[in-house]
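*Asks:* Here the protein sequences come in this chain order: S and Y. Counting in the numbering used here, the first sequence runs without a single skipped number right up to 349 at its last residue. Counting in the numbering used here, the second sequence runs without a single skipped number right up to 349 at its last residue.
Don't take every hint at face value.
For chains that are exact copies, the list does not tell them apart, and a pair is met inside one copy or across any two.
Simulated crosslink set (DSS-like; lysine-lysine; CA at most 25 Å straight-line) [to be verified]:
#1 193 with 340
#2 228 with 118
#3 74 with 325
#4 19 with 74
Since the hints were made in silico from the structure, they are not lab data.
Okay, here's what each chain looks like letter by letter:
Protein chains: 2
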Amino acid sequence: MKTVPKKAGRIPKSAVTLKSVAELVGLTASTVSAVLNSSSAARSVPPHTKKRIVAAARALDYRPNFFARSLRVKRTYMIGVILEEIGDAYGSLVVSGVERYLRTQNVFFLTVAHRHDKKLLASYSTVLRERGVEGFITVDTLLTEEPALPTVAVAGHRKIKGVTNIVLDHRRAASLALTHLVELGHEKIAFMKGSKLSADSDERWSAICEVAAKMGIHMRPELIIELKGDDPTPNLGYPFAKQLLERKETFTALFAYNDISAIGSICALQEAGLHIPDDVSVVGFDDIQSAAYFNPPLTTVRQPLIKMGEMAARTLLDRIDGSMKYVPEIAIEPELVVRKSSAQTRACS
Amino acid sequence: MKTVPKKAGRIPKSAVTLKSVAELVGLTASTVSAVLNSSSAARSVPPHTKKRIVAAARALDYRPNFFARSLRVKRTYMIGVILEEIGDAYGSLVVSGVERYLRTQNVFFLTVAHRHDKKLLASYSTVLRERGVEGFITVDTLLTEEPALPTVAVAGHRKIKGVTNIVLDHRRAASLALTHLVELGHEKIAFMKGSKLSADSDERWSAICEVAAKMGIHMRPELIIELKGDDPTPNLGYPFAKQLLERKETFTALFAYNDISAIGSICALQEAGLHIPDDVSVVGFDDIQSAAYFNPPLTTVRQPLIKMGEMAARTLLDRIDGSMKYVPEIAIEPELVVRKSSAQTRACS
DNA sequence: GTCCCAAATGAAAATGCTTTCGAAAATATC
DNA sequence: GATATTTTCGAAAGCATTTTCATTTGGGAC
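Whole structure, please, built from the sequences with the hints as guidance.
*Replies:* Below is the structure:
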């Protein structure tokens with residue numbers, strides 16, 4: 001008897017199937033299935049045989065074939081996570097939160113990165129669906145049409161039918177940062193506006209404008225600079241901070257678009273011989289990991305990224321299983337964390 | 001006629017099945033399947049009907065049911081990525097590389113994070129298998145027994161049957177760093193040994209010892225400090241650098257375990273009033289993103305993390321489809337990137 | 001006209017599970 | 001002892017594919 005050569009790429013046929021455990025206990029697959037899933041049909045099987053069945057299943061180390069089951073019940077307990085790029089500081093934390101919640105629910109996720117490529121994004125969304133995901137979580141990606149599956153977006157600020165946005169309360173965020181700066185005596189504040197490629201930009205910017213107006217802060221156009229591009233490194237901010245400096249307008253504080261650009265800006269400012277925070281205070285946004293460990297440690301508006309990820313996962317799952325009605329928006333409160341990159345203006349001290 | 005309420009959690013039954021396209025062309029599912037997969041059976045169907053079939057499939061936007069197919073052919077084109085934690089700088093880059101290669105092959109991946117929890121790791125490995133993954137890629141995780149599926153490990157330095165390790169050439173790395181330091185005139189070099197929890201530690205350390213011996217560098221025990229714990233933040237290094245300082249032994253250079261600990265160390269050194277690199281040069285390891293943007297930018301031994309991820313994915317896929325024999329190890333060349341955290345010793349300048 | 005071969009397609013089994021429905025056995029009711 | 005009622009379980013029909021093997025047809029050879 002020749003042994004069949006192990007075929008490449010074959011999943012090791014788990015050998016122990018529902019039928020094998022059925023045979024072991026001398027019953028049929030139907031009943032075994034019923035009790036193993038403790039389905040309603042299992043009510044009528046006596047505890048004694050129930051025990052025999054689970055014992056047999058355990059003895060054989062029976063594992064239901066996931067695909068056969070999915071084929072029948074049409075559920076996969078799998079979702080798709082759509083990122084702009086894997087490994088950027090922002091998205092990573094969100095995904096970490098997502099994973100943290102999903103694991104508690106025995107749900108898994110497929111990750112894809114679209115890198116701002118519309119075509120890729122569209123193709124991913126359909127191929128993920130083919131793969132059976134039951135919903136999407138997007139991070140920092142601009143959706144343009146209603147997705148085919150329930151989805152919740154983190155940092156995706158278009159209002160789109162069918163997607164619930166996890167949004168930071170940007171007005172509160174702006175208020176936190178600006179009152180901090182004002183309390184430190186700053187009057188000449190430079191602002192960095194986000195790139196059009198970042199989903200958060202518009203919302204954040206209009207909130208800043210609104211709050212500044214309300215607080216009586218004059219936003220001088222010469223002190224406003226807009227980022228361009230989607231560099232995930234501090235290079236995002238560096239050249240624009242340089243541009244700002246070239247204008248020769250004095251300012252004592254800079255409210256950067258995010259931590260990444262704040263870090264880039266600080267490099268530029270220091271190269272220009274300015275001291276942070278003595279010459280200019282800079283406050284970032286997000287509180288990514290390196291914010292605390294940068295030099296100087298960054299004062300920043302924290303987004304509770306991990307919590308946002310958890311929240312996203314929870315609401316997606318709730319929407320999927322129908323236990324939660326669709327809501328278009330869920331707000332999250334920011335938090336100001338004061339470190340060493342902001343200080344009293346010299347003028348006042 | 002009442003419309004059936006949309007059941008929660010149901011995958012939108014794709015409606016268009018193999019049979020529907022078969023009906024459309026007036027053929028049977030078998031033949032349609034054959035030509036759509038251009039299987040050998042399709043040789044005998046005339047080009048004319050072939051065209052009709054693919055046209056029909058396209059017209060209906062037919063998408064084969066992934067689960068039914070997997071059930072039959074026992075392939076999922078899905079692998080599992082096992083990390084220590086999602087979103088740490090090191091792993092993220094590797095995963096980014098993994099994704100980059102997988103996408104070209106239409107393979108997807110499930111991600112899980114064990115947080116150095118043995119139990120969790122074991123359970124993940126079995127549940128991922130149930131989910132149909134065809135292999136594992138592990139990052140910085142200590143496997144203890146031969147995994148059930150082909151696996152390739154990056155930064156997992158135990159030699160284990162069945163896993164091929166993507167390993168940095170640590171001797172070369174040590175040599176790169178140490179000759180750099182020696183050329184700058186350093187003689188009193190402090191060394192930071194990795195934590196036992198990090199998979200790379202042992203290999204890296206013994207390489208350093210070996211190379212140092214060969215180069216005639218005396219490694220004084222008073223200048224060696226060992227990290228403990230698995231903090232993924234610069235706090236990993238900070239307290240140990242402090243300890244080192246408390247010993248009151250002078251040193252002009254520090255070869256940190258990695259960039260993260262280098263950053264933490266620099267903070268500690270600066271707090272002690274030392275200037276980097278004038279008072280002490282520090283060189284890191286890995287070249288994570290923030291290395292370039294830290295202040296001062298880190299001189300470091302670069303691991304081509306993205307490339308390592310790509311390589312891992314490629315070799316795993318090759319092993320799975322049988323086109324590559326198992327090899328226990330694949331070496332990757334490091335690279336020294338000199339930035340601003342290292343300089344001539346004062347003594348010599 | 002019979003036979004045969006190739007071409008073209010279909011029938012059916014198999015994958016491993018869930019689920020409905022019904023049948024047999026056991027027990028209760030009168 | 002017959003009927004009704006539970007209890008306990010099995011048969012079978014899916015789910016959407018793939019794959020093996022068989023069947024039909026047409027045409028050529030003799």
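*Asks:* Each hint: holds or not?
*Replies:* Status of each hint after checking the structure:
Proximity of residue 193 and residue 340 under a CA criterion of 25 Å is satisfied intra-copy only: 22 Å inside one chain copy versus 30 Å between copies. In this assembly of identical chains, the alpha carbons of residue 228 and residue 118 lie at most 25 Å apart only when taken from the same copy (18 Å versus 45 Å across copies). Taking identical chains as interchangeable, the C-alpha atoms of residue 74 and residue 325 lie at most 25 Å apart only when both belong to the same chain, with a minimum of 21 Å there against 37 Å between chains. Taking identical chains as interchangeable, the C-alpha atoms of residue 19 and residue 74 lie at most 25 Å apart whether they share a chain (21 Å) or sit on different chains (18 Å).
Going through the hint list in order, the structure satisfies each hint without exception.
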